[in-house]
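Colleague: For reference, the chains in residue letters:
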Amino acid sequence: TQLLEQSPQFLSIQEGENLTVYCNSSSVFSSLQWYRQEPGEGPVLLVTVVTGGEVKKLKRLTFQFGDARKDSSLHITAAQPGDTGLYLCAARNTGGFKTIFGAGTRLFVKA
Amino acid sequence: SAVISQKPSRDICQRGTSLTIQCQVDSQVTMMFWYRQQPGQSLTLIATANQGSEATYESGFVIDKFPISRPNLTFSTLTVSNMSPEDSSIYLCSVAETQYFGPGTRLLVL
Chain L
1 TQLLEQSPQF LSIQEGENLT VYCNSSSVFS SLQWYRQEPG EGPVLLVTVV
51 TGGEVKKLKR LTFQFGDARK DSSLHITAAQ PGDTGLYLCA ARNTGGFKTI
101 FGAGTRLFVK A
Chain W
1001 SAVISQKPSR DICQRGTSLT IQCQVDSQVT MMFWYRQQPG QSLTLIATAN
1051 QGSEATYESG FVIDKFPISR PNLTFSTLTV SNMSPEDSSI YLCSVAETQY
1101 FGPGTRLLVL
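Heads up: the protein sequence lines correspond to chains L and W, in order.
For the first sequence, my numbering begins at 1 and goes up steadily by one.
For the second sequence, my numbering begins at 1001 and goes up steadily by one.
If you're looking for bench data, these hints aren't it; they were derived computationally from the structure.
Treat the hints loosely; a few may be bogus.
What the hints assert, rightly or not - Reference listing, derived: stretches of chain W covered by chain L, where coverage requires no fewer than 3 residues with Cβ under 8 Å from a Cβ of chain L:
hint, region
1, 1038–1050
2, 1087–1101
To be verified - Stretch-level coverage of chain L by chain W, calculated; a stretch enters the list once three of its residues show a Cβ under 8 Å from a Cβ in chain W:
hint, region
3, 79–92
4, 98–108
Because the structure is a prediction, the values reported are computed rather than measured.
For every residue, glycine included, the Cβ atom is placed at its ideal position computed from N, Cα and C.
Model the full assembly from the supplied sequences, consistent with the hints where possible.
Modeller: This is the structure:
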């Protein structure tokens, strides 16, 4: 069974702080996705990374895919209360169309 | 892009009853995915629904408990049958290889 392990599970920080969320696996994936989910809504796709070592930036969010395509990180610079939510990593194995999800990191940014 | 709507948005049901959840997409899609998100947990794939064929269920999920219909390329239903409190969860449909999710149906079984 392929598993995605996310850490930390919960993070409470002050506005303006930086943070990093990690997503790790022992399996190699063809692509990895990061989502953000707010209460009462479905997950919203933030980014997809497909190439080992790839780095993508989305405003204050920086996403990195590990060289071996087994892990990824999400770094948020100068967090804001609007960043509060559940961050999920997800991955699809090579040749597959099914997506598996990590357990999520619940982020709370205090003003 | 795809816009997905789900009905109902939430419901409270008695154990032993069944609830059918509808998922409507604003464009034609080949595959539709049904996920469950139990309280405080991540998403677990229930089944993949293709138009014109039987749904493919993941390990731990069976058709008798979660029958799925896929009558056309823009619509699908998931029924949660003979419900128990353990079925209390958020049920989500997704399309385009999980690029897009519906808002979810929040189910509480008493």
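Colleague: With reference to the structure, classify each hint as holding or not holding.
Modeller: Verification of the hints:
1. Coverage of a stretch by a chain is defined here by at least three residues with a beta carbon nearer than 8 Å to that chain's beta carbons; for the region 1038–1050 of chain W and chain L the count is 6, and the condition holds.
2. With 7 residues having a beta carbon nearer than 8 Å to a beta carbon of chain L, the region 1087–1101 of chain W meets the requirement of three or more and the stated coverage holds.
3. For the region 79–92 of chain L, the stated coverage by chain W is satisfied: 3 residues place a CB nearer than 8 Å to a CB of that chain, which reaches the threshold of 3.
4. Beta-carbon proximity to chain W at under 8 Å applies to 7 residues in the region 98–108 of chain L; the threshold of 3 is reached and the given coverage holds.
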